[in-house]
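Starting from the given sequences, assemble the full structure and let the hints guide the process.
Protein chains in written order, with the working numbering: chain A, 33 to 490; chain P, 33 to 490.
Treat the hints with caution; some may be incorrect.
Remember, identical chains collapse to one label, so a pair may be satisfied in a single copy or spanning two.
Below are the EDC-like pairs computed for lysine to aspartate or glutamate, each with C-alpha atoms no more than 16 Å apart in a straight line [as the list claims (entries may be wrong)]:
id, residue 1, residue 2
1, Lys256, Asp278
2, Lys218, Asp196
3, Lys117, Glu163
4, Lys256, Glu133
Because the hints were derived from the structure by calculation, they are not lab data.
Fair warning: this is a prediction, and the values are worked out from it, not measured in the lab.
Number of protein chains: 2
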Amino acid sequence: MDKQTVILEKMVTTLLSEKKYPSLRDILVTMNPSDIAGLFDALEQDRVPLLFRLLPKELAAETFVEMEPEAQQMLIQGFSDSELKEVVDELYLDDAVDLVEEMPANVVRRILAQADPETRQSINELLRYPENSAGSIMTTEYVTLRPNMTVGESILRIRRTGVDKETIYTCYVTDNRTLLGLVTVKDLLLAEDDDTPIREIMQTHIISATTHTDQEEVARMFAKYNFLAIPVVDNENRMVGIVTFDDAMDVMEEEATEDIELMGGMSPSEKSYTRATVFDLFRQRIPWLLLLMVSATFTGLIITNFEHALAAQVALTAFIPMLMDTGGNSGSQSSVTIIRALSLGELEFRDLPWVMWKEIRTSVLCGVVLAAVCFVKILLIDRLLMGNSDITIMVSLVVCLTLAVTVFLAKAVGCALPLVAKRLGFDPAVMASPFITTIVDALSLLVYFSIAKLLLGV
Amino acid sequence: MDKQTVILEKMVTTLLSEKKYPSLRDILVTMNPSDIAGLFDALEQDRVPLLFRLLPKELAAETFVEMEPEAQQMLIQGFSDSELKEVVDELYLDDAVDLVEEMPANVVRRILAQADPETRQSINELLRYPENSAGSIMTTEYVTLRPNMTVGESILRIRRTGVDKETIYTCYVTDNRTLLGLVTVKDLLLAEDDDTPIREIMQTHIISATTHTDQEEVARMFAKYNFLAIPVVDNENRMVGIVTFDDAMDVMEEEATEDIELMGGMSPSEKSYTRATVFDLFRQRIPWLLLLMVSATFTGLIITNFEHALAAQVALTAFIPMLMDTGGNSGSQSSVTIIRALSLGELEFRDLPWVMWKEIRTSVLCGVVLAAVCFVKILLIDRLLMGNSDITIMVSLVVCLTLAVTVFLAKAVGCALPLVAKRLGFDPAVMASPFITTIVDALSLLVYFSIAKLLLGV
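Structural data, given as structure tokens:
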């Protein structure tokens, strides 16, 4: 909660207890819907319905959309049917769909009962699109024009029908629901002659999504082309909706959070940190911790198998953490880089050989430098400074050779796994650091003991 | 490179070798500037200037903006002065500034020489704002209106002056450069009466940034409020520019990439993976690998100090990797979660006690479940199945107790460090997994050996 919200919260609480409703209303209407929602989320929940009723109708609906689902549900449960109808009527269709998706069944029934029949039908249609598809985030409220309309007629049409549209700035030219082209309001306003037919100024090379396009891909289209809206067409190339840039921004933010959570070894969650309960956090984290703990059985087995070697050369044990960590870090550097490049659409599976070659050269550079510095460090710090005479030059050699080989293996595994995961239809982010670390740990120990056997004869 | 680009590349190369320039032009004008730029980046560089000259002036400038800096530089070096002037004249001011920032000094001199004096002055002014500030990403090309204009006059003004503005959809009402309010083109078009003065319909509660606001914060404002543009004011509250949503999207993407790179233990880079050379990757990665390798000296020292304990109870060594990895994973789960929440503006330093309390409860849940499962796993798999009789019940107890304590410590350190880093003015993402892993490794080993001493008397 930021400082401003804290001050506002006090102010509002005081005015509420003094029942100064006109002043409260005056304060609230100066605020932005997101900020009002933020304030409502911070207040005690029993105060919210009263404040909500102070808001003018349109502002009330805009604020409602920005509130957390829990708070929305509380409000709806307190609404009379006519109050609920007022809010539902003001919602844009895609926001109504989001709401229906978040609410429990009994609340959904009330919402749908209050929506007018046309809205109800549209909501039900939109609900049928698969989660995370363009269809599920689009809205069906957009401006359509006919190709033979003139610029002047089009502007009139926008002025007459625009009030309920989520955006009026991009208008779609359709014929029998087939998408022919688009014009922007800028094109219309800057057109030299009001009698020009739309057909002559419309852009006909259109970038569109289909209802089944993944929402992440739609968001990438926005980032690439800087559009305000992208049209969505069905299998027969008929226009069925638009996705607007603000929804694309939300998707970009969500998908980045999801990637980051997976990379950190957690199941993604739709709840923000502030909203998640302790048990939510526990459920997000424990499966991965368990999985990785159990899979560490392998590293344990490897060490057990080489116990006699470690007993013969006690100095070797001290370098295990360093070797494992450096391997893990090298591997996650590569995997994280590749995962991000995949998310941004820069790489595909077919790039695997090229990526491998790039990573292998990088790993040789990193491995050689690390091994050289490590050799000097071991001899200067560990042997001379700390006076550990167990650490012979041969031991240092074993450690440094292992280091170089481990970095090489870690980077090869780290870059290949996300690409392979993508190919197999998994989310590449699943292959990030915790997984790579476990694999690389096992590899580095095997390399360590093999080289030790070879060079030290243990 | 995606499949479509590959097909296009072949087509264009064939048409070029057959010198079918009219057809080439026809193909190119159907394409979106971003896609043309993508095609140019994929083609052999000596073919690009010829193709570029086939493009109509406006499309050429739009394509130029989307190209990689290296390709832009090549093109400029091949331009005659008049060609360069044509492109520079068509650029929006913020794109011109980006270009000047990317090009080497001799190219910059040529660009500035070709810009008209007014543009040159504006570019120089924009260049003075600190990197990553709102001032550095804003443009000074926006529509201003006066408060006493009518709706009709405003629409006329937009039609007359809009062509060079980056957006016309949000217009700013100023008086003597002081920002009084804003109207959208939607407000203007939907206004009932053309004679209404702007003063009466403008929104006066404006969310704005200052020239020094961090670009990350500006991007967050877009994600929160869904604006098309945000006005930027100077210290005297005079309006100096606007940031548009497309630039905010780029910032969101860049900042997420930067966080992810830091979390993966790399220095952030502005180059995409496909553009980065092997040496770029090496430079991004080696400092962290070296730092973490050297800091692993501590873990080595701890093990060396407890060598006799390990020699007395050889079974203990086998669990070191599992304990270190689980600790590292637990810690990075917490740090990654907190870093993302900080990036999204959900948390601040003042939330530290609340965050700690939440993480501590989560860690107790995770720690207890992990320890219990681990105890059963050790006795069933490691002792019974693998027949390792060195692993006594006391050894399992030591391992499981260490596991629980390590998870607790890892989560406490993992959630606190990013918040402290933020408070001290560092990027919290620096505190992510590799750092946490190193600290947690040392802690977990200390805990392990202390508990072993206590319970096993080694």
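Okay, the hints, checked on the actual structure:
1. Lys256 to Asp278: both (15 Å within a copy, 9 Å between copies)
2. Lys218 to Asp196: between (20 Å within a copy, 11 Å between copies)
3. Lys117 to Glu163: neither (26 Å within a copy, 49 Å between copies)
4. Lys256 to Glu133: Classified as neither: same-chain Cα gap 29 Å, cross-chain 21 Å, threshold 16 Å.
Of the numbered hints given earlier, the model fails hints 3 and 4; all others are met.
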